[in-house]
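2 protein chains.
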Amino acid sequence: MTLRNFVLLPLVLPALLQAAEVKPALMPLPRAAEWRPGTMRIDTRFHVTFASRPEARLQRGARRMTEQLSRQTGLPLDAPAGTTRPGAALAIDCGETTDQPDTLGQDESYRLEVTPAGARLKSATVVGALHGLQTFLQLVVPGEDSFVAPSVVIEDAPRFPWRGLLIDVTSHFMPIPVIERNLDAMEAVKLNVFHWHLTDDQGFRVESKLYPKLHQLGTTNGEFYSQAEIRHILAYAHDRGIRVLPEFDMPGHSATWLIGYPELASAPGPYSIIRTFGVYDPALDPTKEEVYRFIDGLIGEMAALFPDRYFHIGGDEVNGKQWKANPAIQAFIRRHDLKNEAGLQAYFNRRVEVLVKKHGKEMMGWDEVLHPDLPKGIMIESWRDHESMAVAARSGHPALLSWGYYLDHLDSAGKHYDVDPLGGPAKDLTPEQAARVMGGEACMWTEFTSPETIDSRIWPKSAAIAERFWSPAGASTRAGMYQRLDRVSDWLDWRGVTHNSNYLAMLQRLAPDAPIDLLKTIGDAVEPLGIEGREITQVYSQSTPLNRLVDAARAESVPVRHLRELVERYLAAPDAASENTIRRQLERWRDNRSRLEPFLASSFLMKDTELISVYLARIGEIGLEALDALHGGRRLPAAAAESRLGALAKREKPGGEVVIAAVGPVRLLVEAAAK
Amino acid sequence: MTLRNFVLLPLVLPALLQAAEVKPALMPLPRAAEWRPGTMRIDTRFHVTFASRPEARLQRGARRMTEQLSRQTGLPLDAPAGTTRPGAALAIDCGETTDQPDTLGQDESYRLEVTPAGARLKSATVVGALHGLQTFLQLVVPGEDSFVAPSVVIEDAPRFPWRGLLIDVTSHFMPIPVIERNLDAMEAVKLNVFHWHLTDDQGFRVESKLYPKLHQLGTTNGEFYSQAEIRHILAYAHDRGIRVLPEFDMPGHSATWLIGYPELASAPGPYSIIRTFGVYDPALDPTKEEVYRFIDGLIGEMAALFPDRYFHIGGDEVNGKQWKANPAIQAFIRRHDLKNEAGLQAYFNRRVEVLVKKHGKEMMGWDEVLHPDLPKGIMIESWRDHESMAVAARSGHPALLSWGYYLDHLDSAGKHYDVDPLGGPAKDLTPEQAARVMGGEACMWTEFTSPETIDSRIWPKSAAIAERFWSPAGASTRAGMYQRLDRVSDWLDWRGVTHNSNYLAMLQRLAPDAPIDLLKTIGDAVEPLGIEGREITQVYSQSTPLNRLVDAARAESVPVRHLRELVERYLAAPDAASENTIRRQLERWRDNRSRLEPFLASSFLMKDTELISVYLARIGEIGLEALDALHGGRRLPAAAAESRLGALAKREKPGGEVVIAAVGPVRLLVEAAAK
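Taken in order, these protein sequences are the chains called A and B. Going by the working numbering, the letters in the first sequence line up with residues 8 to 682, in that order. Going by the working numbering, the letters in the second sequence line up with residues 8 to 682, in that order.
So here's chain A without its partners, still in its complex pose (with noise of 0.2 Å):
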């Protein structure tokens, strides 16, 4: 069989399958899928076998696989694998048969082929039997009489090797079982590198034996990683095929460096903690020799602790003015002809990357450490902008893309879709050039985010970013991954990860004698504001609570963006049924405000609440003047709508650090109404 037999994506499942079954949601879409008549059923009896004896990992990756099919099912699946017995299997034949550390760019391709008789899963690697077995827990569905799993053959591999979730553990702490569950889930949709933030200004997470008094200064109340769970979790990780990187800020972000250790930094101390958020002056002094004992004494320490080849210094939002302030510095900047601080900090890098190459390991670092002398080995994570991503490519280094995956500007799960590492300004690279883009990083950094929240921000989207990753460019739409999305983010509620499950509980807390349905009105209602938006409102700090509606309210409203729909297959081709579902919403959202009047005095925590009830009646009644217009085939004059445009305008932002995000479809009913 080649690929030539494969019906190429967009994946839609042809009529083979009769229309009113439950068709799988495969996220990321594989590189080619054959589907065929007749489906696997998937009952009681399911097992797994191994053509041989499988290695440790595989075995029990594919345990894991058998619980969580368990979990999502609802099936007693309790056969240990391995066992035979009656009842369609899962073969997997795998050629790697010792434990090998996973590798940027290794094999990580899969054929999973499934039968009526059962499936056969096959690959080089155990990496890519992981990845194969997180597809065929995409493909069950129930089915007729029992669940089932569809005939395919699907031949799958990634589009780039690099495909990362960061996670920020120092603006708030993130304790083990959030770093669990967001493996687990990164498992789910293939994502193969946990970027461990690991110090900042607001703390130094990690344990060090050789510097004690950076974890023990640079933390409060024990919230930091003992290298025994470090360990835990590299373990964890690479049950999971994923690589962890760990990146240790540097020269800058380094506050909580000079708090035990004030002989590195460029002015005097003393150091603290730092609470709040944003750009700080402390910097690492690049001319002092003992700074590069020091990084070489961590960098060793931490190379032997992590063991992949990659290391990440950081590098980002020096602001150079403690260089500045600093005449010795100066003259150090003058006799070495390093023309400013930029140059300073290149000078930094390269003796940095003498001692990351000493203790065997390759350095990375973000956008800023791009300098014409850096050594083109060093890979570059762009932030800041693509552009720069494609200037490391041109000008020989390795690159990742983070721009446009930035997890706390609470963008919509579409929008992050549509950005492609290799489009923009990377459109133009040479076929050499583009080899050289590794892949890219969902960043999750966690100044408005608490072990509470962050399941919400990072999921489902994450799912989205990382379908952009995995599969071939124009493997679907926008459109295409919405229609697939809510599935993928149902499943993985079965992993644990709380974006789903703590909504309501979240909801309540505003307002603990109020209906939970009018308070799910409003949060359905609303989206949070990501980090621009919040950080011009108020001071943050690690200790300000986030517990507030815009807390509990999700990235990306799901019942807003189906209305949205709703309403446009409705102005599209009008039918009552449609008109008849998006009425009775607009009737909730006008008809809320007087039902939750008597919560909102109650509860210091409904304080944001009440101007959002007020303005979610007006913008209810907006949307059925405009309905009832639509529906009387009556036009809504120009002037009438430009004014309820401009109301709608007005009450999209009220305060609470949210917006109304049910304005858009009603604004959609204006402006059909209007013409």
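The set of hints was computed from the structure by calculation and includes no laboratory data. Honestly, I wouldn't trust all of these hints.
Which copy is meant is left open, because identical chains are indistinguishable; a pair holds if it fits in one copy or across any two.
Subject to a maximum C-alpha distance of 27 Å in a straight line, what follows is the list of computed DSSO-like cross-link-like pairs (lysine-lysine) [claimed, not checked]: (1) Lys-434 - Lys-660; (2) Lys-220 - Lys-30; (3) Lys-30 - Lys-527; (4) Lys-434 - Lys-383; (5) Lys-364 - Lys-129; (6) Lys-30 - Lys-614; (7) Lys-328 - Lys-434; (8) Lys-220 - Lys-682.
These numbers come from a predicted model, not from an experiment.
Got chain A sorted already, so can you dock chain B onto it with the hints?
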């Protein structure tokens, strides 16, 4: 201050608090509380202090309370217990300074005083303090400017010293996290005995080093607790002031003993794990001395593992068939003048009691062990009826009531709540006899319950049972209990109990593509049948999937209860707002079927739902007709009403092992419209 100064129960907050404020929902209600003006502010500076160096268990309890407070409020509260810093504190003064095993009847009282300046908790024992900490958590509500605890003085102590929850881990194995989160919830509502039903025909769930074939052959897939895991749970429970009562059911319910040790049996083997549920024949042979040697060894091993003074030997449901069929046993009965099989079991119990005593324990058994020859020290747990508990108490035995608290019947919280251990046939006990009633136990038998569904079968209703056991008789009414139960249910969410959080995911599993609100409309309208209803519809076994609507649905539909309450208020005093809310709900039931239609055929898990959705539509129509009549002041003719009531009755039980609870409030409307 004496008790005379207290406002006695029912504990309704007086006008000291403004009407709009959120009031604490205490459950179980304390013995006495005096509410005062003012509130204590709870913000991120909140911390705990100790009057003297705290015992380690108390220190951990205070830390856990702070973490729980942080979870339920969303406030970062990182200060280690004992820290001194600005902000209101809870000061703990506990008389017990060394770690003591918890014992039946120990002092569990505490005094909690909250003032605007801070709170003070005083107790003689650590368990008293632990109870007070839970009460404190329940006091914290959102106020006008911050979270607050209202000023109050609470003097509290339990009515009954034995307040248990039984979890059957044999019918379905319950992994450690299930046990942990249920212990967390038990602590929350002051239940203090975890009755661990460890052995039965379906599994022998505890590792025996002495007789390893018990757990090795009595379970599959390693579904037993190692002794290390048992010790972990014992410590976990002790930390929460919970005693652990192990049950080793004998001489019946012992098939899993006989697989590896058939020489103990009353009939020739071989034996195997019984995968289905019911009363089976296998029983130990009470006539063999080696049986007592075996039991001596097993009790010796388990008595050393489980520290509690009580040891439960089961003794229930011996059908006597093997004894009747065995001539040697019959000869033994005649030789020893034991009269019959009941006499033989009494002989067995006397022999076992000697062994239990020998290993330093007090024996307990189910009410079947009650026999005139039984030593009076043996505690009787009555499951068959209330009367047997009264008989046991009259005849000199300490006694517990479990009848009326069987959670697998899926009765309403109110029905359980109305059962009083000292009510019914126990009303005429003398004070001396009544003093022998130690309390009761909620019993979670798990024939139809998986790790996924168990929480929704236990909670929140066991909070109502806990109040029955803890609070003074007459402390509240069924209605008063329900007024608080929803809040307590939400509160338990923050303990990690999954009764609420996995509901929507389980519904969505039925039809992955269906809008969740349509599935929720169905799920909210029905209630699952209890054990009697389910065991007659099909033969269940341990491998029967519990993933249908009946499993997702909650034992008592809160939305239906709320609607019924609303209908009752509306019928008593009609108002437009209530009528509108009722109408919306009835319309939702009426219209749900057509919206759900496209998804009914798509999944085998929706088969139960098809007829339910047709019936529910009709129930909605009948309700709307009645509501229209009431609205218009028209009387529904008697014949029409009778026909409608008949139609409702026919539609109450649609199959699928559920009842349509939605019938209840509609019936009220029809009856009212006919008047």
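| query | Which numbered conditions among the earlier hints are violated in the structure presented, ordered from lowest to highest? | reply | 1, 2, 5, 7, 8
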